[in-house]
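Undergrad: Top line first, the protein sequences correspond to chains C and E.
Under the numbering used here, think of the first position of the first sequence as 1, with each following residue one higher.
Under the numbering used here, think of the first position of the second sequence as 1001, with each following residue one higher.
Some hints here could point you the wrong way.
[As the list claims (entries may be wrong)] No more than 30 Å apart at the CA atoms, straight line, and that leaves these computed lysine-lysine pairs for DSSO-like:
| id | chain 1 | residue 1 | chain 2 | residue 2 |
| --- | --- | --- | --- | --- |
| 1 | C | 538 | C | 344 |
| 2 | E | 1230 | C | 450 |
| 3 | E | 1201 | C | 408 |
| 4 | E | 1230 | C | 409 |
| 5 | C | 168 | C | 249 |
| 6 | C | 344 | C | 409 |
| 7 | C | 387 | C | 450 |
| 8 | C | 105 | C | 474 |
| 9 | E | 1201 | C | 474 |
| 10 | C | 105 | C | 168 |
I should point out that these hints are in silico values taken from the structure, not numbers from a laboratory.
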Amino acid sequence: MVQKCFHQTLHVIARFGAAVYLALFLTAFEAAPQATPDSHAELLVATSEIGQRGGRLVLSLRAEPKTLNPLVASDAPSREVIGALQADLVHINRGSQLTDPALAKSWKVSQDGLLYTLRLRRGLQFSDGHPLDADDVLFTFRVYLDEAVHAPQRDLLIVDGKPLEVRKLDAQTLTFRLRKPYGAGERLFDGLAILPRHILEKPYQEGKLSQSWTLSVPPGQYAGLGPFRLKEYVAGQRLVLERNPYYWKTDSKGTRLPYLDEIVFLFVPSADAQVLRFQSGETDIITRLGAENFSVLSRQAHGYTTTDAGPGLEYNFLFFNLNASHPNASPESDRRQSWFRNVKFRQAVSAAVDRQAIVRLVYQGRGVPLWGPVTPGNRRWSDPTAKHPARSLDAARELLRQAGFSWKKGLSGEQILVDQDAIPVEFSILTSASNADRTKMSTLLQDDLKQLGIRVQVVPLEFRSLLDRVNQTKEYDACVLGLASFDADPNSDINVWLSSGGTHLWNPSQTHPATSWEAEMDRLMQEQLVARTFDERKKLYARVQQILEEYQPMIFLASPDILVGARNTVGNFHPAVLEPYALWNVEELYVRNSAEAASK
Amino acid sequence: MIRQHKSARWFFLLVILHVIVLGAGFFAAYDPAEQDRDRPYVPPMRIHFVDATGKFHLRPFVYGLRVPEGAFDRYEVDSSQPIPLQFFVTGAPFRLLGVLPCSRHLFRSESVRVYLLGTDGYGRDLLSRILFGGQISLFAGLLAATLSLLLGTAIGTMSGYFGGSMDGILMRLAELCMALPWLYLLFALRAFLALSVSPLKAFLLIVLAIGILGWARPARLVRGLALSAKERDFVRAARGFGASHFYLLRRHVLPQTRSVVLTQAAILIPQFILAEVTLSFLGIGIPEPTPSWGNLLSSLQQYSVLASYWWMYLPAAAMVPFFIGYLCLSSSLQDALRTAKIDS
Chain C
1 MVQKCFHQTL
11 HVIARFGAAV
21 YLALFLTAFE
31 AAPQATPDSH
41 AELLVATSEI
51 GQRGGRLVLS
61 LRAEPKTLNP
71 LVASDAPSRE
81 VIGALQADLV
91 HINRGSQLTD
101 PALAKSWKVS
111 QDGLLYTLRL
121 RRGLQFSDGH
131 PLDADDVLFT
141 FRVYLDEAVH
151 APQRDLLIVD
161 GKPLEVRKLD
171 AQTLTFRLRK
181 PYGAGERLFD
191 GLAILPRHIL
201 EKPYQEGKLS
211 QSWTLSVPPG
221 QYAGLGPFRL
231 KEYVAGQRLV
241 LERNPYYWKT
251 DSKGTRLPYL
261 DEIVFLFVPS
271 ADAQVLRFQS
281 GETDIITRLG
291 AENFSVLSRQ
301 AHGYTTTDAG
311 PGLEYNFLFF
321 NLNASHPNAS
331 PESDRRQSWF
341 RNVKFRQAVS
351 AAVDRQAIVR
361 LVYQGRGVPL
371 WGPVTPGNRR
381 WSDPTAKHPA
391 RSLDAARELL
401 RQAGFSWKKG
411 LSGEQILVDQ
421 DAIPVEFSIL
431 TSASNADRTK
441 MSTLLQDDLK
451 QLGIRVQVVP
461 LEFRSLLDRV
471 NQTKEYDACV
481 LGLASFDADP
491 NSDINVWLSS
501 GGTHLWNPSQ
511 THPATSWEAE
521 MDRLMQEQLV
531 ARTFDERKKL
541 YARVQQILEE
551 YQPMIFLASP
561 DILVGARNTV
571 GNFHPAVLEP
581 YALWNVEELY
591 VRNSAEAASK
Chain E
1001 MIRQHKSARW
1011 FFLLVILHVI
1021 VLGAGFFAAY
1031 DPAEQDRDRP
1041 YVPPMRIHFV
1051 DATGKFHLRP
1061 FVYGLRVPEG
1071 AFDRYEVDSS
1081 QPIPLQFFVT
1091 GAPFRLLGVL
1101 PCSRHLFRSE
1111 SVRVYLLGTD
1121 GYGRDLLSRI
1131 LFGGQISLFA
1141 GLLAATLSLL
1151 LGTAIGTMSG
1161 YFGGSMDGIL
1171 MRLAELCMAL
1181 PWLYLLFALR
1191 AFLALSVSPL
1201 KAFLLIVLAI
1211 GILGWARPAR
1221 LVRGLALSAK
1231 ERDFVRAARG
1241 FGASHFYLLR
1251 RHVLPQTRSV
1261 VLTQAAILIP
1271 QFILAEVTLS
1281 FLGIGIPEPT
1291 PSWGNLLSSL
1301 QQYSVLASYW
1311 WMYLPAAAMV
1321 PFFIGYLCLS
1331 SSLQDALRTA
1341 KIDS
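Only chain E is shown next, with the shape it has when bound in the complex (with noise of 0.2 Å):
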């Protein structure tokens, strides 16, 4: 009872997460895409309580910032004059979940932009894009962690339960599968394509080609369950009653598998997110200016940036929460399976 416990609770952390990065549009102040031109790389702002004269306000506030003279991406704080930071303000219109119309934002300021966590080259705040970005990374993980489970359920299943020739074949088709270079691949299908790809397109085929290229393994795993299942005393006798394949395969097969495609979707979502992120960072993934946490993360391929402004590195740091929530909660549902087992 207790590791059950134990894997809710990271549930509930990975629900918190995406709910935050769901509702990017209200937490972020501003449109991912609009550029500050006059702010490229800013650090990012802190929030204070207490003024320069030592005064202590309720309501945090920011200092505005300064350019200096000639200077490129180098601020002045300007102490002299506390900007309120405003709770729950209408702001840029924005599309909750990509649907409902909305104008409601946790925070701004009215007469400065707050740049929470910094700014990128182009002046575009980073939080908003950290947060719409991880929309496209976290669907793009878990949309094709979906599609991988689901074929590679289906083709484990059919192996394992039908046995024979037709499993010696789709077996080796996951081994093939397995050792191919996809990277390679990708980026040879990649030139294939059309030469511009809208965003939305980009993320279809990203998608479609991590969790078509990602089926292999789970198969393997259902294949071994479905294989000493189907020997299962129950079984037999459900099949001596006469049952057909789909009932024994639906009533009796796939529940067994359950827990083990639970922790493969677990594992296979991080490791899906990292193959956007590789993707994106290597420039054949989702085009500019749509954030991601693989485009985002591809500016540090420069070393200037990677050696002046160290936020940069944030969407990194944004994506660890998420990796260890999903990586947790697969090893606790993994002792749960485990004592699962022993109980019965």
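Chain C with its partners taken away, still in its complex shape (with noise of 0.2 Å):
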């Protein structure tokens, strides 16, 4: 999957008021205070089932993660295990989709949309027991929009090119000034973690903010608001988290959560293994199951439940090569070039593209075909009400022979197609060779393109150098990725569909948007993301959707479901399509019989 990082036109200056602060950086040498946790805080009250208290779970990771700091963390396994680590001031719901009061109490946003007011809830307490309060909110985001620190996070911050302002009104109290508002509202503050100012103003102030909190760091020096804090990293095997005892959620009994006492990740690097070790009980949860696996699983599940919880954001598509003629390019690839720039050409490839098949037989039936970015998994988002064309291999040889091809016979009485010039349409699908779903895409879409008379062969990469050549050499005729929305908003894509974005794959990183319907996308976006109500932004995203369809940059294929499993004993279990999929409720996740799992 491609990271997604967004690089919008705009700079940052740090309004805070550094100079105000210098003097407390002193308090980061005070010892931790003693504390137990405040008995009349503000808790959160947990609306979901009761649990047992007490119990661990083991999951695995595909890799080890890169860090803990989320200031630099980048990589799935470190956003999951900083997610059970870290709170934010308003969390996005996985399973609503919706936005959920964290940290921040309650919001209230002025008239004009451009001033959010956050009251922080009373009496909370880092991980290590030092309290909360409005200066750790100032010292953080201070951190997030400091240009030397590089947190993937600042460019959400800047809206319009102008970053975010922050004043505290008092020790509960603050106020975030926009320049102008911000179309997702309060979804603005999801994901970032609110730091502990008194155990990271040091390296800060040391300029060593990025290479702190590695995955070494003591325990002890690590601190967060999240359910879990770190007890142990154990290099190429394991970390475990602990409860955190100063958690600021209880359940509807008055239980401080989280319930389980630990949770541990084992470092799994294959799929497969993965799944065997799920399959012989020594996790407990397994998510990012491909189709074939989980039907394995599900087939010989005992003592275990398998959930299809539907389709999630990912979208997997097809897109040719429209970057501006590479100078010292051969002719031959000038002319696949001029094929793809011919909008018709690539209409005719999106209605000779099979997507039931590719469900079918990619995803075992375990997904949904796309005609666009936006997949039913994005409850808000989607229009199931819309209408898409059937495949028609007619259409496309209508659409075919209005762009000028024609058909010859081949050697053994085959079909071809040509261009104008007599010369037969053959390109290669470039796809990544990691990812057998993918592969077996562009299979199928050979083969749907050979019934046309075109030649495909396919291209199997290692990953890295499939990014390298889609971005920096653009040495490519096509290629079939796939990308997760990491929310169901569109300002998350928003760079690809930017012609300025990094992600804008098909002509990535432009100057100027090189064609008229580009620059109509990036006014588009522009609008939706300072537009006020929902419903405008939704027709202003169903404009780009429409532009999308009708010209084709990427021919979007097949949105997977998202598939986990469970052992019987983990209570609370409601996978959602968003990441972190399983996990996104960890505090509320409990383990029945902790007494006999315990045991054994």
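Since each chain sits alone in its own frame, please combine them into the complex, following the hints.
TA: Below is the structure:
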């Protein structure tokens, strides 16, 4: 999956009065107070089923997290672990896809949509017992906005060129001022972990912030507001988290969450090995299952349940190389690019794709065909009433004829598509060698296009060199890739659609939009970014999707379901289609009969 | 004499096997790349003679399949209606041996597609793919073995016959060649080539790569023979009579290496078939959708396939008779060689 980052053309001025806090860095040397959880704290009462305290969960991660520092984490394993260690002010509920109060007890938005006033919960403590106050939040935002820190979240905090302005009203209240209204509203605050100033201010002053909080950090020097805290890390083997006694949620009976004593993350590099470990009972939860492994697990299920949570946000697509011709490109590749630039050619390819077959053969029916980037898993933004043209080879042939292509008879009597100069139409599709699903998709596309008389070669490449060809050298014909938005909001994909975006895959990082329809997409995306109402934004984004469907810069194929499994002893297991799938409610997960589980 | 018979027997078996593979178009019912997208992972169909009512049919038949609602790879046998197989019927056109246009097939059925060895994940007939894949893998092995034996014999005889510094250089080169980690070299080679390689080019590249890298072992064997042959009395005599190097090599030295070269061929061919299988298995061989034994097996890299669809192992089973044939041929050739020596 391509990691998304957001390049907006904006700059940041950290407007925090740095001098005011200079004196305070000394507090970093103070020993953490021997605090006990504040019994008068304003805790959030969870509405989930009441569970049992105790026990532990074992999970596997595909790779070792690269870091535990939310300021630099960009890989999925790091994000997954940090999600259990840290907390944000306002949180997107992965189940409902709407926002929930988190560290902020409540918030108000001014009439003009520019001023957010957030009130923190009273009596909150970090996982080392140090109390949280507005200064920690100020520090956190100063760090995120600091260009020198290179936080991936920074671009999100800059709306239309202007950074977010944060002020402290009192120890519990903060205001956030935007220069322009932000369409997605308070979703802005999701994923911005509030950092402990008493620990991180010193490394920040020394400019070593991005190097701190690596995996080898002593557990005593790591603190967060998440349901768990760091306990142990064994290189190459496991990472163990333990209950954060100061966590700010309780269940409806008043028991402090989380229920679990411990979470153990094992590092298991291959998907097949993860399946075997889950099957043998070594791990309790498995996520990111492929359809084939899912059916293997479902067939022999004993003691565990597999769940198909429905389509997620991942969309897979084919795109052609629409970059400007390379100055020293061969005439053959120039010719191929001239085919790809023909809108009718792309429309014909899209009409010839058998999306149902992809869903059936690649995902064993556990997925949905796609004609646009918004999957049915995105409940607020998808349009279930939209009609899509059925697969039609005749329509595809008609489009190709209109575009000036014709057919001739090949050696063994087969039809060969040729262009105006009677050159046979042939090209290659790149796919990631490590992704069996996409390789399979490409093989199906190859056969679909053979029926139009187009000869396609499928080229599985190592993922890094594939990205290198798509983004750097631009030496490729077509490519099958997938992207997974991390939020169900179009803003999380903005730099796929903006022509200046680094993930604008068919022609990335343009200085000026190359075509008029790309210019229109740019305008629509900018407008929806600041539009006030959801309906308005939805209308603007619908037009973006219309343009995509008309010009087919990406030929959307299919979206897989989110497939997970859990041992029957795991309670409150409600997998979501948003990352982190099964762990989004990790504080509410519990182990039934934990006494029995412990004796094992 | 008895031993000669033995090698003839193995040779005969191999000829039959190769004829079957050569005639893949006739023995296979379908185009190996044709996808039946409603029938992925069909288990091998059974051929019946007796139907559900106990009635005996002279003409063998199969039962059709039903796909239960919402199922992906579970099929129910529809035993209500026997579907007779037809033999020597016209079907999809193909080219026998790659040249003769032809459309007769050994068997097929009009109403349903018959999958005697099941289908793969795209609904492609596994029997057709094994047969056509055999063409690629076997001929890659044969051609590569021919190439490396030609090279090996030429270099070996030169080196053994002329000796001296030429011998030294060539043999050090052979040792170097044997010491190279050739699998990694091939990976590196693939990275340098153009992105997309057509199946034919890929096939020739594999043959070239395996053939050129494999010359060293036969060259060393042949060198030894040439070394001893050139000191034989009759060779010395011929040289005394003024025979040219070329005459001596052709008339006296090369014939002595013949049996060793034949034995080597029988050993190298299966080895090189396996090399092709390895390369295609690892994804640097013949590209999809062209079948070869290696890329047929490559789907077994996935645990789910390994655990769920036993018939995907069949390509491996198909290789076994070929390997047994070649290895037994080589050992019986070796025996024959030994007895011939004792006789002389």
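Undergrad: Would you mind marking each hint as holding or not holding in the structure?
TA: For each hint, the structure was consulted:
Distance check on the hinted pair: residue 538/C and residue 344/C sit about 28 Å apart at the alpha-carbon level, within 30 Å; holds. At roughly 60 Å between alpha-carbon atoms, residue 1230/E and residue 450/C are farther apart than 30 Å, so this suggested pair is violated. Between residue 1201/E and residue 408/C the alpha-carbon distance is near 23 Å, which keeps this suggested pair within the 30 Å criterion. Taken as a hint, the residue 1230/E and residue 409/C pair is broken in the structure, with Cα atoms around 59 Å apart against an allowance of 30 Å.
Proposed proximity of residue 168/C and residue 249/C is supported: the alpha carbons are some 25 Å apart, at most 30 Å. For the suggested pair residue 344/C and residue 409/C, the alpha carbons sit about 23 Å apart, so the restraint of at most 30 Å is met. Distance restraint check for residue 387/C and residue 450/C: the Cα-Cα separation of roughly 27 Å lies within the 30 Å cut-off, and the hinted pair is therefore satisfied. Of the pairs offered as hints, the one joining residue 105/C and residue 474/C is violated, with about 49 Å between alpha carbons and a cut-off of 30 Å exceeded.
Using a Cα cut-off of 30 Å, the hinted pair residue 1201/E and residue 474/C holds, with the two alpha carbons roughly 24 Å apart. Under the criterion of a C-alpha separation no larger than 30 Å, the hint pairing residue 105/C with residue 168/C is consistent with the structure, at around 16 Å.
Hints 2, 4, 8 from the earlier list are contradicted by this structure; the remaining hints agree with it.
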